[in-house]
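Based on these hints, arrange chain B on the given structure of chain A.
This is what each chain is made of:
There are 2 protein chains.
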Amino acid sequence: MRAMFKELNPPSRVLMGPGPSDVHPRVLKAMATPLIGHLDPSFLQIMNETMELMRTVFETKNELTLAMSGTGSSGMETVFVNLLEPGDKVVIGVNGLFGERMVDVAERCGAEVIRIEASWGDIIRPEQVEEVLQEHAGVKAVAVVHAETSTGALQPLSEISQLVHEHEALLIVDAVTSLGGVKVGIDENEVDACYSGTQKCISAPPGLSPVTFSRRAAEAMAKRKSKVQSWYLDLSMIQNYWGQERFYHHTAPISMNYALREALRIVMEEGLENTWERHWKLGRALQSGLEGMGLSLHVAENIRLPQLTSVYIPDGVEDTLVRKQLLEQYGIEIGGGLGALKGKVWRVGLMGFSCQPRNVLLFLAALEEVLAQQGAHVRRGEGRTIAAEIIQK
Amino acid sequence: MRAMFKELNPPSRVLMGPGPSDVHPRVLKAMATPLIGHLDPSFLQIMNETMELMRTVFETKNELTLAMSGTGSSGMETVFVNLLEPGDKVVIGVNGLFGERMVDVAERCGAEVIRIEASWGDIIRPEQVEEVLQEHAGVKAVAVVHAETSTGALQPLSEISQLVHEHEALLIVDAVTSLGGVKVGIDENEVDACYSGTQKCISAPPGLSPVTFSRRAAEAMAKRKSKVQSWYLDLSMIQNYWGQERFYHHTAPISMNYALREALRIVMEEGLENTWERHWKLGRALQSGLEGMGLSLHVAENIRLPQLTSVYIPDGVEDTLVRKQLLEQYGIEIGGGLGALKGKVWRVGLMGFSCQPRNVLLFLAALEEVLAQQGAHVRRGEGRTIAAEIIQK
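The listed protein sequences correspond, in order, to chains A and B.
If you're matching positions, the first sequence starts at 374 in our numbering and goes up one per residue.
If you're matching positions, the second sequence starts at 374 in our numbering and goes up one per residue.
Any given hint might turn out to be false.
Copies of the same chain are indistinguishable here, so a pair counts whether it falls within one copy or spans any two.
Below, simulated DSBU-like cross-link-like pairs (lysine-lysine); rule was C-alpha separation at most 30 Å, straight line [stated by the list, open to error]:
1) K598 to K717
2) K513 to K598
3) K513 to K462
4) K462 to K434
5) K697 to K766
Source of the hints: derived by calculation from the structure; they are not laboratory data.
Here chain A stands alone, though its shape is the one from the complex (with noise of 0.2 Å):
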């Protein structure tokens, strides 16, 4: 018995869905760098460096900032297992698969649950959170998702932050999305508990969630009456590997905290304004080019994410072939829709190394010729022409 494989040849692409994002030369070379022990000096300051780097990007003086070994949703489960006990009432924004996701993993700690929806590619309005904050005594914690990768839409933090602390309740916001693509301001919002991902506007490959937590969550967590549920996921002893004690936990993944660093480097080597400038411009290049083209895009233009767009699948024209046709005719993969948008929208994806101008020039001359070959109506040319000009600004 002995299974025989070729050697690794994937195909090229250009990462143009919702993540993961195209990585960068330097960051690939940093995943071939050699390995050295997990509890090695040299790499415990190389943990160091990445926490302040994470730090930079978070925009945040939280101590409590690392890197969980799981891709993003490990962080949502982290933030949700640490914070929560059974019985602990949570109020989560449910605008998308997401938000969903938050209720389903806040459950399974036995928290009781409270949702505030709104529809799928609009956000959650002050007003719905000071509502259910008024009529629910004890809430532990409110949960929003910053940027939304089912809808692209933008949920502004600053009210909601302000009504969950005037209510003594945390914070809790997804930035997978976001971070590294539009301000988070974790200090600036008092957001009390952030995970984001990797793979998608810092543009390392997925396999980390950086997380970062306010001293008033690690207070609450040091309250805590029961274990954390999650050996895996317990702060409580991960913090002391991170931390000054060194205490062994679990092996981290050691090339993966390379490529983080150095995607974060390359990051600040930009400049995290200048980072969020570029997604801002080339977002706005591929959604008026869109528009352009004759497209119609789901989320209002005031909470419209930059790195993410969700753009309406023409009538007539077949979701999965020109999805198909993208990707095997150009080697270019955009996402489907999720939930009650599958089939009726286009997720592109603008998002860390992949959010460049040729991109935004690439995607849509593909889509004209994939959308013209079905017979679609499409005005010719003419959103490329419109991109152009923003880009060349």
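Relative to the frame of chain A, chain B by itself:
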């Protein structure tokens, strides 16, 4: 606020601790391969091939064989949270740190844990298992550590397996350090649930955990009354992503899967039995070499692992100073003792790509020099001569 750090430049190491082990250049090269999406048909093909390779190295036909998106400890948690429900009885063999860890994880699942103890360095005896199973009715599972990384003891499985199945319980095996180093034989030993790591004898970087489940275990999971407490590790959803449905659960760590596939390909090229033979031969060379120097080993010969050796620290020698000198002067990493063995033993690994004749000789020579510097009585040259004889046979 902009954190700036220099180019990644870790020191060159020879990894001879309890893991991670050195990674083959071909695996490093695979890590540097540009990414494709986690739902790309080409990635699904890579996943299928990796599953087939994992089945071969586990020696199983189990359909439910996949890699969890976390390190070996996440695989441990996966097995317990999916198999156990609150109130379930589980028998756990504790003869080292990783047995203790299983107890901790199982208790967090709300399980009733019945411990079987053996001293650190010893193994769990079939008579102990039989006694406990006769005493306690309705035990759902019995768990043992195949290769105790904290001691270097190799747990025989076949007799215990027979007893466990006579009592209609499931057999859980921790094969983190054994898989790819010594025979695990999932089907032959009728193991129902097993987890491993990538960074030991498979010699891929840490970050994934291969797991496998028998049909019996799959049936037990299908009969659960409650949701799995971990969303991230819930196999009822994850198997839909790895299985025919290809239903999105979380973003798989693409690059880590590239690496695991390549590392397993290397194992297959050598051949599983040849790989075991290399570990046994070089382990014996190292162990005989250490005894030839005048040092003593912690684990009895008949239950001693080849890939991890616990050697007593000679009297009057300072544990951390020796490890520091090995690391700083020769770039060799070995491990210290854990728990009751802290300061009493060193743990020397010969795992996967680190298990090479030159490393045996290098380590014996380096240890001899460092011990001599500290004035310890070692027989100069004798250990190496014995080791070289075994290697050259």
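- Hint by hint, which ones does this structure get wrong, listed from lowest number up? 1, 5
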